[in-house]
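Residue numbers (the numbering used here): 1 to 319.
No lab work stands behind these hints, which were simulated from the structure alone.
Treat the hints with caution; some may be incorrect.
Here are the computed lysine to aspartate or glutamate pairs in the EDC-like style, where the Cα-Cα straight-line distance is at most 16 Å [as the list claims (entries may be wrong)]:
hint: 1; residue 1: Lys316; residue 2: Asp126
hint: 2; residue 1: Lys114; residue 2: Asp126
hint: 3; residue 1: Lys127; residue 2: Asp186
hint: 4; residue 1: Lys63; residue 2: Asp315
hint: 5; residue 1: Lys316; residue 2: Asp192
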Amino acid sequence: MDIIIIDGLSFALPLFIMAIGGIYCEKSGVTMLAVEGLQGFGAFSGALSAVIFTELWSLNSGKVFYLTLLFAGIGGALFSLLHAFLCLKCNANQVISGVVVNIMAMALTAYFTKILNRILFNAASDKLTLTVSRRITVPVVSEIPLLGAVFTDIYPFEIVIVFIALAAWFLLYKMRFGMHLRACGDNPQAVDAAGCNVLRIRLKAILICGALAGLGGMCFAYSVSASFSAGNYIGYGYLAIAAMIFGNWHILPTLGACLLFGFARSGGYRLVQNLQMPSSYQDLVMILPYLLTLLLLVIFSKHNGAPRALGVVYDKGAR
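Start from the sequences and build out the full structure, keeping to the hints where you can.
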């Protein structure tokens, strides 16, 4: 049971931080299907910085770890500007824009990864290898039965994610900016009448989403395979979107959905190991979170209340 909790948290928390990014974006009224691509490009940016800092500059791996998270967030935010340009400046269909961003991220990261490996290391590889992230165990508390698993073998990024999630909750629900952002998703005309720039607020929401998605992608790169490749993050962005919808665009219920998905995944792996089934069945276990997502969405989607202006192009002259 302890292993299920440890592995489940290391999968659920990066998923959660990406879902929070989606909440910010969609609460502002912009449909965000580009989480998949943003996490991929952010992870690529972080992995590239890790390779530069460790292989070329020989920096300490502990410092590099936190720098990679920072650069992953910056990379995801910069790439999200493409979605912002298409949606806010060109008034493009927001669903199509998200799909375009996802496809471009997949193609660009795969291409750049191969090019960089050939230039920097003279190797034909589609991966950027990362150092293995260290883990932390909290003394005393980790010895408590069951609960102690939460404080055992923690990735440092899990602690970072918890603090960022708390800050994101406070900003969204307790600060003036969060109030304006949520109002943009329900009644943007009222926000404009109050003297706020709706498009600027939505741009900030998209940038926040890109930064958080990039951070989540980098965390997956460290925890899932200790390397980056274009195929590492396939499906995780859509799973984060499903968790956001299941959580009804609220942070705490979304956390519950992410934990459910994480424990379903780790529990499936553990079941395969305990039953001593062939390793090929571990690939089959990968579909458990997605099957669970479909089931939950079928049951609960009718009760979801999306922001009223979600996906609607803002027209300043409309009333």
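Outcome of the hint check:
Restraint check for Lys316 and Asp126: the C-alpha separation of about 46 Å exceeds 16 Å, so the hint is violated. The suggested pairing of Lys114 with Asp126 holds, with an alpha-carbon distance near 5 Å, which does not exceed 16 Å. In summary, the hint linking Lys127 to Asp186 is not supported, as the alpha carbons are separated by about 43 Å, beyond the 16 Å threshold. This hinted pair does not check out: Lys63 and Asp315 have alpha carbons roughly 46 Å apart, beyond 16 Å.
For the hint linking Lys316 to Asp192, the alpha-carbon distance of about 8 Å falls within 16 Å, and the restraint holds.
The earlier numbered hints that this structure contradicts are 1, 3 and 4.
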